[in-house]
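> Residues per chain, in single letters:
Number of protein chains: 2
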Amino acid sequence: MRKEARLIRWIFYIVVVAALFFLGFIIGWFAKPTEPNTANNNVSSKNLREFLDEMQSDQIREHLRKFTQLPHLAGTEQNLKYAEQIKKEWQEFGLDSVEMVPYDVLLSYPNKSQPNYISIVDHLGNEVFNTSLAEPIPDGYENISDIVPPYSAFSAKGQPEGDLVYVNYGRTEDFFQLQREMGINVTGKIVIVRYGKIFRGNKVKNAMLAGAQGIIMFSDPADYWAADVQPYPDGWNLPGGGAQRGNVLNLNGAGDPLTPGYPAKEYTYRFGLEDGVGLPKIPVHPIGFHDAIHLLKNMGGEIPPNNWKGALNVSYRIGPGFTNDFKSQKVRMNIHTNNQVTRIYNVIGRIRGAQEPDRYVILGGHRDAWVFGGIDPMSGAAVVHEIVRSAGKLLSKGWRPRRTIIFASWDAEEFGLLGSTEWAEDNAKLLQERAVAYINADSSIEGMYTLRVDCTPSLHTLVYNITKQIASPEDGEEEVSLYESWHKKDNWTDDRDAPRISKLGSGSDFEAYFIRLGIAAGRARYTKNKKTERYSSYPVYHSVYETFEIVEKFYDPSFRRLWAVAQVRGGLIFQLADSPLLPLDANEYADSLRKYTQSIKQLAQRHQDKMEIYKVSFDSLLSAVQNFTVAARDFHERLKTHNREDSLQVRIVNDQLMYLERAFIDPLGLPGRPFYRHVIFAPSSHNKYAGESFPGIYDALFDIENSADPEKSWEEVKRQISIAAFTVHAAAMTLTPPA
Amino acid sequence: MRKEARLIRWIFYIVVVAALFFLGFIIGWFAKPTEPNTANNNVSSKNLREFLDEMQSDQIREHLRKFTQLPHLAGTEQNLKYAEQIKKEWQEFGLDSVEMVPYDVLLSYPNKSQPNYISIVDHLGNEVFNTSLAEPIPDGYENISDIVPPYSAFSAKGQPEGDLVYVNYGRTEDFFQLQREMGINVTGKIVIVRYGKIFRGNKVKNAMLAGAQGIIMFSDPADYWAADVQPYPDGWNLPGGGAQRGNVLNLNGAGDPLTPGYPAKEYTYRFGLEDGVGLPKIPVHPIGFHDAIHLLKNMGGEIPPNNWKGALNVSYRIGPGFTNDFKSQKVRMNIHTNNQVTRIYNVIGRIRGAQEPDRYVILGGHRDAWVFGGIDPMSGAAVVHEIVRSAGKLLSKGWRPRRTIIFASWDAEEFGLLGSTEWAEDNAKLLQERAVAYINADSSIEGMYTLRVDCTPSLHTLVYNITKQIASPEDGEEEVSLYESWHKKDNWTDDRDAPRISKLGSGSDFEAYFIRLGIAAGRARYTKNKKTERYSSYPVYHSVYETFEIVEKFYDPSFRRLWAVAQVRGGLIFQLADSPLLPLDANEYADSLRKYTQSIKQLAQRHQDKMEIYKVSFDSLLSAVQNFTVAARDFHERLKTHNREDSLQVRIVNDQLMYLERAFIDPLGLPGRPFYRHVIFAPSSHNKYAGESFPGIYDALFDIENSADPEKSWEEVKRQISIAAFTVHAAAMTLTPPA
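Those sequence lines, one after another, are chains V and W.
Position 384 of the first sequence, counted from 1, bears residue number 384 in UniProt numbering, the numbering being contiguous throughout.
Position 344 of the second sequence, counted from 1, bears residue number 344 in UniProt numbering, the numbering being contiguous throughout.
The hints are simulated quantities; they were obtained by calculation from the structure and are not laboratory data.
Heads up, some of the hints might be wrong.
Identical chains blur together in the list; that is why a pair holds if it fits in one copy or across any two.
Stated by the list, open to error - 30 Å max Cα-Cα, derived DSBU-like pairs, lysine-lysine:
| id | residue 1 | residue 2 |
| --- | --- | --- |
| 1 | Lys88 | Lys281 |
| 2 | Lys281 | Lys718 |
| 3 | Lys718 | Lys265 |
| 4 | Lys615 | Lys265 |
Next up, chain V with everything else stripped away, as it sits in the complex:
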């Protein structure tokens, strides 16, 4: 029995050992996470907080001061120096890599030995009045050389002489009114228009189409003067001697005019100037309102309607030409600006993603400035600099984002978004396959009122979430979030009780990323009160008066507004790069599509009778949008029960979210604009600044009013509706389960 007992005891021991082992094994098995890199949301939100808190307003002030000391026009030595300095500092901040990426693009400069100006000449050809050759230099900058005088970049050369015709803002509708209602033909005339309302390149194109032999643009105080504000340096209004520089291209997203579609590298084939994209064929020149008075005051012809009158003490007569007393006088433009292929430099910095290095979140803004760039673009570049510094700080503490972050300091934005577009062309395949989002960082401030955000609908929710985690920069709002402050000042009343977010138009570097490649994009800045401040842009826009001091003295003395903008832009890229599940919202896209469909339909219904005659129906588009709405809702419904532990399955739904914006790209482009390919958002053909929804349909409807062949125009409307319906259906498909 003793042996038996021993045996039993041994069996008992073995069973216990085995059971314990088994217990341990089981616990070990289940204790181990399937997914080694499951992100911990608390860690992630702690990191976000730390990232935002690291940013400092004083640092932004110093970045801005440092990079606005000297003029740094694209293609100049000084802009290369700033690029090198940014590269060096980004490296010091701790980015994984920083490189200079050059392109050789067509730029345009005044001829230094033959200044541009406009004259009034008498019957003997004597110049009885000449416009100024430069703006009065602001205090403290007297010894600065290389301040480029106001000019229209890419103007044709020439010295046309003729009678002036005043055409208000030079919009399509202004020229229609001039030609059809007022019966004035501008063929062979020189057109004078005021700046504002639309992109200046569109004014130039309209003048060319109307047959003008030259065009002058002036800043009218009605459009560039805020009430009760002094001109710079005593306030932030545009002095009478100031004028707005700017390019006058009609690129429609082509980038470098000589290499459309391809990056402007050494080996790249270049078209001749005569085949370049968007180059105006007539001379163009900008002037300030002091000079404008001289050109306008003696004009003859009819008195225009009130909405054609600006705020100068002249009658705004239309012309052509001067009144009887001055009939023999003509206007002569003297333009000697040169086009020149010039090397530009983007600075590209990277933080390698830890888990998904092949997913890119991009923060890009330009560095080149017309002169000092105090607002445009350095108030944006200083903010990017601070975001890079802050990200570097986190990196040094061991953090690394899930996805790759790319920081870009673009060159030659002012010459047609060239640096950003060439880089997009150079990297198109990688971006198309890998880019999650592009956040733009041009000027951070254009007013002192509240936040302004323009972005794709799928970013709405993230923008709201981020702004709730940022403090209002306004005095007396210390306890208020940026979201609340913004909401109070700019509620989206028509549609919803939330801060207003607008559509993206164009005119800054997001264009190639959003409108050509279909990458989710957004921008944020501080802005004016649109309801009460009616001037265009901000008064000193593109003048020599955009200095560090105008920001420090007037726009943001505490630099808390720029700091808030830094946190918004930085917070967006942080969340896009680090959230395990991409923070993109397809339901918001659906809501927006419904709204846009209603409004384009309403626009068409102004011609209800014609719609019936030509059998134009929006049913297919409405049904596609309904289909998309259901697909988006179901997609987010499924996400709620989705397995977030399996990194491959998370990647699959993230890919659906990432590629949603891509689904709206039509590879064939919009009619006549091969590089504008976004079916939902693009600028109207009549104003690059204004983002239209369903731009193909919008443009076709716009053309109806002007059509010689209404049947053909309505056919185009129908074709565009069909393309929009197809595109929305295709986008809905991308959200359904993949097999």
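Knowing the structure of chain V, use the given hints to seat chain W on it.
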């Protein structure tokens, strides 16, 4: 002490328990795989074997018999019936889903009450000879109705009358020779050309450009007759009464002529016929050689060079018109063919991928046939059917591929690849983002000699690997692999000691997938001995004599050749869908690019003098290819040490492999051909069947010979070289580490 001993014993127990638990935990921890779905290569290759072995030649025979009983032209009741039958059987075989996908596309049929024919008319207008209205019906099919007579689909209607001019094969170079060397103008004439060498649509385009008012195409025995073979039914040669049907479009990849770029759905906007893509403006008609003799025998004019002479007992005089004796006779075409928007049906079946449902491997081939489709396409469709049956069998045993497999039975291929192109347009976004590869399954056999494979270079290695696992179908080669048999018969001597693989051209349904969307693609079939058998295609191509019996009696009595083709096609999709690491080879792409660059450079160097004058250099392209070669080598080098246990990291490199082909797509398309977008592979503009490498450069060089402005043409060559260099550089970038 007793207490102490007990304590010690307890401590001992606890330590033992803890140690055991810990041991168990540790073993449990490490025993559990990190990656729940790590594919076991042995399991995978066992599954492949089982999949291949499941396929049976007798089954293929029965599938072919079943689907060749009745004519099933696209758009007919019978072709819909076969679609429904295929759908039903695929469901029974066990696919996860099968759906019918309809489109409404432009088709073209003869007018049943007004037959098409060609007459010789005398001076009174009497028809002294008429071509036959139909082919003699083969035995056993006498009671079949709905056999469409030979016609040229999409021919313009009309009854042009005039003198004949014989222009050999109707190639660009034939028309050049006619016009420049022989001095003959075909304006207002009716052109007669022999079939062969190039796609018939290119012949028609050339005739239109030359000003002809009609074109007749005939099958010359020199091109459609194999030596020592009887005409059908006693052999597989084309009888003299047989003629080749076919469409005469110049679509260049547009799909449905009325809805280029968009799927032809109910709501889709359709162009009017006058704006349709690629529709010929002149009447076109095909005839057999019995009829051709009557038209040719009395022709006058010069005797042509020997390479213009076919094998008929006529002198092949060029014309214009008949000899003196018959001078008053003219030729009249009587063409009443109608274009008609018609519903077509693709059948789409799916097996959902287990781990990556959002990765698609596609096996597609058409179902519509000109008549019975004994060879074209049902010898291909029967093979697809057997592959689906075999896959279903594996599914029923619990297997499921890693990725999604899509099977497609396309409609209306014969009318311009319409079914496959419309579906590609409909699903373009999904395919661009998710498609791994497209394997085409048109006719499985066109000869009795050996295997023929045309595919993208990245598939070379997989093709070799698969064919090594398949037995040769030839008698007496029971122990020989298909690879060895093929290698022996068609060695790639010039380049390497391996079986020859050719470039993809066009002319079948892979076109939209490969050339428009940039999806890796390939095709495989059994072929003739190209060195000894000089006829075009196979003699009965597109005639009523393509029956089940011609395959069973002559081409593949044992059905082992079709069986081998089934295993090749099936093996390719199996490995593409199931290998954890995608079996695509970037090094092979690099090797091919080097070869293509050398040969296009040699082509250009025929004009060495001009290259110097116009400063044309291939250096940028050579350097890009070198860059690509290094990137590919490094990529595969890194793969060797890549962590294959981490499914996310495997997905990342697989994405690089999948998107490699996409990198060669230029969204702007080739010049004048927006839907041909592959910079490396596309048909020449002069022959849709021939795949050229660097087609942009090739076409530009081709134009040099014919250029009125050589400087401009050389500029285009330079531009195309620059585009090619950029594209290859961009493709290299996609292979470098992603951040």
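> Within a copy, between copies, both or neither: which one fits lysine 615 and lysine 265 at a CA-CA cutoff of 30 Å?
Between copies only: 18 Å across, 49 Å inside.
> With identical chains treated as interchangeable, where does the CA-CA distance between lysine 88 and lysine 281 reach 30 Å or less: within a copy, between copies, both, or neither?
neither (41 Å within a copy, 65 Å between copies)
> Check lysine 281 against lysine 718 for me: Cα-Cα at most 30 Å, and say if that holds within a copy, between copies, both or neither.
So lysine 281 and lysine 718 pass the 30 Å test across copies only (27 Å; inside, 34 Å).
> Are the CA atoms of lysine 718 and lysine 265 at most 30 Å apart within a copy, between copies, both, or neither?
between (41 Å within a copy, 14 Å between copies)
The structure fails to meet hint 1 from the earlier list, while all remaining hints are met.
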